[in-house]
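Enquirer: Produce the complete structure using the sequences and hints provided.
Below are the chains, spelled out letter by letter.
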Amino acid sequence: MELTSLLASGAWSGSVLVVLLLGAWEFSVRSGAVQSHSWPALSSVLRSLASGLQAQGWSEIFGSTLYRLGCGFTLAVLSGVTAGLLMGASIRFYRTVGPTVEIFRVMPIPAIVPPLIFFLGVDDPLKITVIALAAFFPIALNTLAGVRAIDPMHLLVARTFRMPRSKILIGIQLPSALPYVFAGCRISLGIALIVTVVTEMIAGSEGVGYYIVSMQYAMRADDMYAAIILLSAIGYLLNRAFLGIEARSIRWAREIEGRRGE
Amino acid sequence: MSEAALQTVPMASSSTARPLLALHGIAKTYASPDSSVPAIESINLTIQSGEFVSIVGPSGCGKSTLLQIVAGLLRPSAGSVQLEERPVSGPPEGMVCLFQQYSRSLFPWLTVERNVEFGFRHLRDESRAAAADRCRRFLAMVGLEDFRARYPWELSGGMQQRVAIARALAAEPRVLLLDEPFSSVDALTRLELQSLILDLWSAAKLTIVLVTHDVEEAVYLSDRIVLLTRRPARIAEVFSNGLPRPRRPVESREDPRFLSLRHELLSRLLRTQ
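Chains as they are written, first to last, in our numbering: chain A, 36 to 297; chain B, 294 to 566.
The hints are simulated quantities; they were obtained by calculation from the structure and are not laboratory data. Be aware that a few hints might be false.
[What the hints assert, rightly or not] Below, a sample of chain B positions facing chain A; criterion: calculated Cβ distance under 10 Å:
1) Cys390
2) Phe392
3) Pro401
4) Phe411
5) Gly412
6) Glu447
7) Ala457
[As the list claims (entries may be wrong)] Sample of chain A residues lacking proximity to chain B, with all beta carbon distances greater than 10 Å (derived):
8) Thr39
9) Ala85
10) Phe97
11) Ser99
12) Met142
13) Phe153
[Unchecked claim] Listed below are several chain B residues computed to face chain A (Cβ distance under 7 Å; list not exhaustive):
14) Leu366
15) Pro384
16) Val389
17) Ser398
18) His415
All values derive from a computational prediction rather than experimental measurement. We treat Cβ as the ideally placed atom computed from N, Cα and C, and that holds for glycine.
Expert: Right, here's the structure in full:
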């Protein structure tokens, strides 16, 4: 019964396309249509992926990448939410830092990697700073938008029950802005992953970005594609995990949204 | 006057003469760059402890603005509000406001219990157990003790407004300000909530100021009814309500005194429209 309803819903058609594309990849090599060192068969890519898993090679490569991603993203969440709350709470603070934020926001972050190398070297301090910087802006600006979108009724209620002004920011404005905060974090997580890999490609000697570039230099196409496949799988899982946390943390927002539509 | 003389005048005179709540020359003007729009003009009113007073007026006349000024949520352009002879400059202790839109006044990220706890959390320090006990007590008063762990959006409109009432009562105010609290619920629920408010009012010896555009509601609930004019709002007349208590949802509404006061108020309101 479940299978038929799954088939009827059409939810399977997305997976079919993925399987078809992978099949076409395998076929293009097996049939001899493409003969190139840069284009190995999917099966040999999977073989090198599996042997890497057995040899613990991947965990070392991805471990250092995920460590930097985690540090940079966490820093961005903490500083971004704080900055967004302060900008939303104080007009004076917003006027002071607003123009600076606008200038930095539009700058392509990888462009500042070369100058930053002067100060931070090419290792973790550089990379974590760059990741945090790139992920900071969507979180800060979304938090700001969330604080501004608060229902004025919430503030009246807080005041009539004599909530101290100093507590309103954390007690009322932050929770009511959470749907915006999560939206910003979701955008930033994607950006952080991209920037992590890019910084590893530009500078340093470890991580998956560095690995992909090295394998390309070494003409080891199997290993290069294996790393790319694993990287997309990890990106997919990270996003899935984040959506799960989000759905659980702000279930109320979705419920209210649904009820307004009724 | 000697100190001895002062001491001989104690309680008796203070309880009879001085009003609990006094409005002196309240005015509110909304200023824009090129003009100023008067919303309220010179309102004087005194309310005694234990009174149930309704403020009735055409929609958009500034009733809710007036109530927010009384609540200390909005500053008047002129005049002052005094609660027990002390000027109100912000939301004072002992007075809380209950709003019309329960779906927006309850915090959707808090459970029913946490919402009720919000009513007194900033007034007193209590242990977790004592706070939970207090929540349970006030939720029981509105018949919702079994819904402690639910979220507001899981409840019906009438139940949500009960939660908001429990939260307001949990602050243990002497004065409860009601801003059209029953206008967003269906007719039957409205009757139930009105009876609930009357019960709570007499049990807790509250003083209530109700803003409403519903004349029947005003007559059914209150001791006095203040009729406001159209914008800018002034007091057109204050009516004393001779309808006997306790009020009964069906019978009281058929009482000749109910009908004649309703008639008077409605025709006055229609004339001012």
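Enquirer: If a hint holds in the structure, say so; if it does not, say that too.
Expert: Consistency of the hints with the structure:
no.: 1; hint: Cys390; result: holds, 4 Å
no.: 2; hint: Phe392; result: holds, 6 Å
no.: 3; hint: Pro401; result: holds, 4 Å
no.: 4; hint: Phe411; result: holds, 6 Å
no.: 5; hint: Gly412; result: holds, 6 Å
no.: 6; hint: Glu447; result: holds, 8 Å
no.: 7; hint: Ala457; result: holds, 9 Å
no.: 8; hint: Thr39; result: holds, 33 Å
no.: 9; hint: Ala85; result: holds, 46 Å
no.: 10; hint: Phe97; result: holds, 36 Å
no.: 11; hint: Ser99; result: holds, 37 Å
no.: 12; hint: Met142; result: holds, 35 Å
no.: 13; hint: Phe153; result: holds, 46 Å
no.: 14; hint: Leu366; result: holds, 6 Å
no.: 15; hint: Pro384; result: holds, 5 Å
no.: 16; hint: Val389; result: holds, 5 Å
no.: 17; hint: Ser398; result: holds, 5 Å
no.: 18; hint: His415; result: holds, 5 Å
Checked against the numbered hints above, the structure breaks none of them.
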